[in-house]
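Single-letter residue listing:
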Amino acid sequence: MRKAVALAALLGILGSVAFAGYPEKPVEIVAWASPGGGSDVMCRTFAKALETVGFPQPLYVVNKPGGSGAVGMTYVQGKPADGYTILGVTNNLIFTPLTTPGFQYSFRDFEPILMFGYDPKYIVVASNSRYQTIEDLVNFAKAHPGEVKVGTFGPGSDDHVVGMQLAQVAGVEFNFIPFDSGGEILASLLGGHIDAQVAELSEVKGQLDAGAVRILAVATAERVRTLPDVPTLKEKGWDVALPKFRGFMVKKGTPAEVVQILIDWAVKAVQSDVFQAYLEAQHLEPALVVGPDFTKILVDYEAAVKDVLQALGQ
Amino acid sequence: MNFWANLSTGFSLLLQPQNLLATILGQLIGVIVGILPGINASMAVSILLPLSFGLPPETALMLLAGIYMGTMYGGSITSILIRVPGTSTAAVICLDGYELTRQGRAGLALGITAIGSFLAGTFALIVLMTLAPTLARAALAFAPPEYFALIFFGLLAIAGLEEGVVRGLIAGCIGLLLGTIGMDPVTGVARFTFGRIELLDGIDFVAVLIGLFAISQALMNLERIRPLEFYRGRLTGMLPRWREFKESLGAILRGSVLGTIVGILPGVGATTAAFLSYSLEARLARDKSKVGKGDLKCVAGPGSADNAAAGGSLIPMLSLGIPGSETTAVLLGVLMIYGIQPGPLLFTKHTGLVWGLIVSLWLANFLGFILATAGVRPLTQLLRLPAPVMSAFILVTGFVGAYALNNNIVDVWIALVFGILGYIMRRVNLPVAPLILGLVLGPLAEKSFRQSMALSRGDPTVFFTRPISAALLSVGLASVVLPLLWSLVKRMRRKEAQA
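Quick mapping for you: the protein sequence lines, in order, are chains H and B.
Mind the numbering: the first sequence is residues 1 to 314 in our numbering, read in order.
Mind the numbering: the second sequence is residues 1 to 499 in our numbering, read in order.
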């Protein structure tokens, strides 16, 4: 009996310093998309990158799709805050809690590891469109309220909110047409059924190279590295900047030491060749923001979209 | 560059040992993935994607495209033999395929699906090689009103699926109602989700199907305290005879054309193609009483349409860079990972890659056919398993398959609930097929209808002023109204003759 107690005490001591040895078991990376979705590719590449920089434990990507990230967030909240479950996040981290009535979690329930970059949102028209510049589009919409058809992923999606904010600050009215996939939106744009779409570069790059579409503006604070000739909405006087940030988080309450270890590994991983090739191929803008600085971005982001999203959520 | 030069470039790429191996391996993996319920092509392709890192891009693409084609062959096997859909694309084959199995004609069903798949896949690939850019551009004319007309055409079949029109309509309406669960496509408001985030994206129809078919069957057996009613006689008709092949040839050809067209359209994929083909065959059937009770044409049509759609969806993917389905969206992502930008320039900038892929798909399609035909005999022997073992096997496969859909226990509950509903429906003699058609096609119809109304700013004439949608809708309506008029005329004549 005494032996058992001594053993237990010893194990207790070992346990309390366990995080020093983090990671000592396999780590799960949760993607809130189905296999093949954008967040899935992000998580799988991150896992691969961590492996190549020598992360000492195996990494598994687990798919928890549904409810625009709500299922994935709930799943991670149901796990212990020990750093063994990492969540791949995008701006749905902000959007979903605001648009899902009764959803109990928000970004405040997560501890940031890092943000590694973002997808800028572009205003795109077909190349045979009558709109040569973003001013053309906005002026036409001003003169003809509700006639400019804009394709998006539907209310609550970030491209829809970009469109809504532009309409708001420019004082115009768009006719939003909701779609389920980027392919459908693009086909409708090329087929002339809609006038414009809000898109990420990876969705329209092939068409851009072939001269089938034209990019009128980008919804970021500053011009983007990949397409420096594209004006921002902001410089035209419409302050709309909502990039789709991408990063990784763990559950709130994870020991600070563990978070720090994770940050160190994650920084190494996103700087690896594997991950840089992914950023390049997906036309993402790199932007490394670590730990609490990421939280600051999230707070500002939430403030920027809260009104328009809550109006939608009614 | 001419056609033959391109073709020979393709062949020289394919004949490199690693590429041949990749194609064969991809096809094998695909067939196995197809057989496993709950895992579909796009999942398999994404999960196996990391394996392909380090391979040259054409080899990786051949491997993954091989998987895509393979799943189309494998999926129907589980549907026919144990009535659990191996993939969502093969779900509709459960309806008549499993009935054939119960009649001891599993070999026939498997055989005709394999032949149909091969012919349909070949057809789609010929179209891909000869007409890809033209057709992909033509498909851009398809706007929401046309999608609505096409889906509506499929939904009309609900009324005529089985003998009882009223029963069919009841079941169909249940399906349509179930299809409204989830986020409203236009306003984003949650409908009938009871606060469950898992229901926001709607209920997964494959989970519903597993419940309606597999689980309800188990409940029926419990009630009778007798083992599953499996066909105990000789498993005859391993392969279709000429007569049976001739009987289904029409369905195969219709399925091939329909599937290719639906595949090319970016908004709908192989699953919709299979359901539309089923609905078409059910309505064309001369003997309506056989539909849902083991009509070979209702197996051959959808079995062909999904393969054709898989091939067809490569047409906009390769010629325009627009994905025609979920899996081609993943394949486009693969190209991007290799730094190859998909888009209208792909055919000219990466001629070798594209034609190598096309040629490898030919091989994959042929291999799938060989595998599926060779598999008929051993697979049908599975049915000789003792009934209790078999029914336990079906239940376990069903539940595991439901969980694997979204890695979520909610889908298992959905399967269970629909198992009970399916049991009730059997007891009160409500047909299942209209419910499934309503559930699968209903949300698509709603979405395209509301998109159309948004585009036209509330003007309903949009459906009749556009030629394609007007033509589809009038053919659909005529097919319902004309038979009614015809029978009315016949009755009047008879009365006249009597008078």
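Hints were generated in silico from the structure; no laboratory data involved.
Quick caveat, the model's predicted, so the values are computed rather than measured.
You may find that some hints are simply not true.
Which residues of chain B face chain H? A few of them, derived with a C-beta cut under 10 Å, are [to be verified]:
# : residue
1 : S42
2 : M317
3 : G333
4 : T373
5 : Y403
6 : S479
7 : P483
8 : S487
9 : L488
A virtual CB, placed ideally from N, CA and C, is assigned to each residue, including glycine.
Status of each hint after checking the structure:
1. S42: holds (5 Å)
2. M317: With a closest approach of 9 Å, the M317/B hint holds.
3. G333: This hint holds: G333/B lies near chain H, its Cβ roughly 6 Å from the closest one there, short of 10 Å.
4. T373: With a closest approach of 30 Å, the T373/B hint is violated.
5. Y403: violated (12 Å)
6. S479: Cβ of S479/B sits 27 Å from chain H, so the hint is violated.
7. P483: violated (34 Å)
8. S487: violated (40 Å)
9. L488: violated (40 Å)
The earlier numbered hints that this structure contradicts are 4, 5, 6, 7, 8, 9.
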